[in-house]
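Chemist: Respectively, the protein sequence lines represent chains A and B.
Per my numbering, residue 1 is the first one in the first sequence, and the count goes up by one each step.
Per my numbering, residue 1 is the first one in the second sequence, and the count goes up by one each step.
Bear in mind the hints are in silico, worked out from the structure with no lab data behind them.
Predicted, not measured: the structure shown is a model, and the values here were computed from it.
C-beta: ideal position from N, C-alpha, C; glycine also.
Heads up, a few of these hints could be off.
Claimed, not checked - Incomplete in silico selection of chain A near chain B, CB under 7 Å: (1) MET48; (2) ASP90; (3) GLU94; (4) MET99; (5) TRP102; (6) THR103; (7) PRO105; (8) ARG106.
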Amino acid sequence: MLSLNDITVDIQNSRILRGISLAVGAGELVCLVGRNGAGKTTTLRTVMGFLTPLSGTITFNSQPLPGMPTYRVAQLGIGYAPEESEVFGDLTVEENIEMPTWTRPRGRPALERVELAYKVFPKLRQYAKRGGTQLSGGERKMVSIARALALDAPLLLLDEPSEGLSPAIIPTISEGIASIRKLGRGILMAESNVHHIPDYADRLYVIERGEIIFSGKPGDVRTRPEVMRVITGTA
Amino acid sequence: MTSVIDILLGGLFHAAVLFLVAAGLQLVFGVQKIVNLACGSFYALGAYFGISCVNWALALGLPPSLFLPVLIGSGILMATVAPPIEALLRTVYRRDESFQLLLTFSLVLMTQDVLRIVWGPTPQHLGTLSMTYGKVAVGSVTIPTYNLLVILASIAIAALLGFFLQRTRFGRILRATAENRDMSAALGVNVKWVYASVFTLGTMLGTVGGALVVPTSAASLDMAVELVVEAFAVVVIGGLGSMRGALAGAVIVGLMRAAAVTVYPELEMLAIYLIVIAVLIARPAGLFGKAAI
Numbered sequence: 001m002l003s004l005n006d007i008t009v010d011i012q013n014s015r016i017l018r019g020i021s022l023a024v025g026a027g028e029l030v031c032l033v034g035r036n037g038a039g040k041t042t043t044l045r046t047v048m049g050f051l052t053p054l055s056g057t058i059t060f061n062s063q064p065l066p067g068m069p070t071y072r073v074a075q076l077g078i079g080y081a082p083e084e085s086e087v088f089g090d091l092t093v094e095e096n097i098e099m100p101t102w103t104r105p106r107g108r109p110a111l112e113r114v115e116l117a118y119k120v121f122p123k124l125r126q127y128a129k130r131g132g133t134q135l136s137g138g139e140r141k142m143v144s145i146a147r148a149l150a151l152d153a154p155l156l157l158l159d160e161p162s163e164g165l166s167p168a169i170i171p172t173i174s175e176g177i178a179s180i181r182k183l184g185r186g187i188l189m190a191e192s193n194v195h196h197i198p199d200y201a202d203r204l205y206v207i208e209r210g211e212i213i214f215s216g217k218p219g220d221v222r223t224r225p226e227v228m229r230v231i232t233g234t235a
Numbered sequence: 001m002t003s004v005i006d007i008l009l010g011g012l013f014h015a016a017v018l019f020l021v022a023a024g025l026q027l028v029f030g031v032q033k034i035v036n037l038a039c040g041s042f043y044a045l046g047a048y049f050g051i052s053c054v055n056w057a058l059a060l061g062l063p064p065s066l067f068l069p070v071l072i073g074s075g076i077l078m079a080t081v082a083p084p085i086e087a088l089l090r091t092v093y094r095r096d097e098s099f100q101l102l103l104t105f106s107l108v109l110m111t112q113d114v115l116r117i118v119w120g121p122t123p124q125h126l127g128t129l130s131m132t133y134g135k136v137a138v139g140s141v142t143i144p145t146y147n148l149l150v151i152l153a154s155i156a157i158a159a160l161l162g163f164f165l166q167r168t169r170f171g172r173i174l175r176a177t178a179e180n181r182d183m184s185a186a187l188g189v190n191v192k193w194v195y196a197s198v199f200t201l202g203t204m205l206g207t208v209g210g211a212l213v214v215p216t217s218a219a220s221l222d223m224a225v226e227l228v229v230e231a232f233a234v235v236v237i238g239g240l241g242s243m244r245g246a247l248a249g250a251v252i253v254g255l256m257r258a259a260a261v262t263v264y265p266e267l268e269m270l271a272i273y274l275i276v277i278a279v280l281i282a283r284p285a286g287l288f289g290k291a292a293i
């Protein structure tokens, strides 16, 4: 479904990504793990079209993405929940979640998509009329993921869904991600904490200083002490 | 008492026109973060083009009583200048405000020359056409019915704008884009199209404002700069980016100007800018100051 092949990205003359290659198949949960500044967010933002790679190819369902405006990438069917949630404070929770049904009207009916989002995060229903500025960090994260899901996208890019949240709210987010996976949606999840990687992840890529240094099953990474040292920050 | 009603009605008429231009300015700033000095040019273009359209319509045999719809239509038509200008402004969206101010001010100066070339240096006017609708008595004062119609039209436009921004899907998309254009794009919003639409709407408010004012005062080459000075007083008082601020600021500036003109005309600008300075000192963000629409 999504394929990145030998992607190189510079930001302000600094090389951030160096030949990144990864793939996410339909319905797969793939994790991109790395320390802060390793290049996880840059990878997701490059897929979304916020950054243009210097070289390499990115395809989504065989369609090349580089050079495509971000809104077209979203309309093709890639949902994005950024690390900072970026919930619209001037809109209510309900309006935030409904918005992708206005911008990408094709596919499932709007009502069904919004209901699905509430089904994944039932707690949001009671906050439906609340403004985006009146939410806690965990609630904002839920809205951000629910909103990406309401795009009716076959692939979701989730940037650090557990980052900065209280331990009490992390299980709710994890359950939501598990529900999305059960719906058959593909997920590419960036994560800096190796302990937040779900056991059922199909594949794991470890990124360090803009390079993929490991790819394989989540269980396999634990047998590679040199990689574990990098992602636990003890290297 | 008569003077008070005179000031009130005169001030509200001026506020009605000022509100339209300031609302366009606020809308463009709120969504696109561009301080658009060219709003004065749109106002002047609307005024000159409105006069020409009414004269053409009258020459074609249109009854004089239908000049108001012709003026509104000409204002809407003149807003077609917006898309190419917005395309030019795209080059400075992510640059320092000084680039935006320089570019939009150069548009003001260029428009002044275009007006001079097309319509000549002599002020243009519509004679006594505004009296076609007669006069109406308000207490002990009689005012042209046309002035009252413009005040009512402006109130209706303010209500419609409020409804559009708060209650419609496109209004919500505008507010979301104003807050975070990158996230809006990541949710499928074509930000370029939104910007072009907002700029066209903002321009239309200015051109319609200019068209509505010409039955009561002449269109002249310096009207763009004069209007920019007043429109900025409105946004500083009301708060940059706030639509309610545009309304409050326009009423304050309109009434203050009318009072000064009646009592001591030399104080017209001084009185307005004393309020601007007071607001800048006491409440720098303006009465409704927050950078959102």
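Chemist: Which of the listed hints are not met by the structure?
Modeler: 3, 7 and 8
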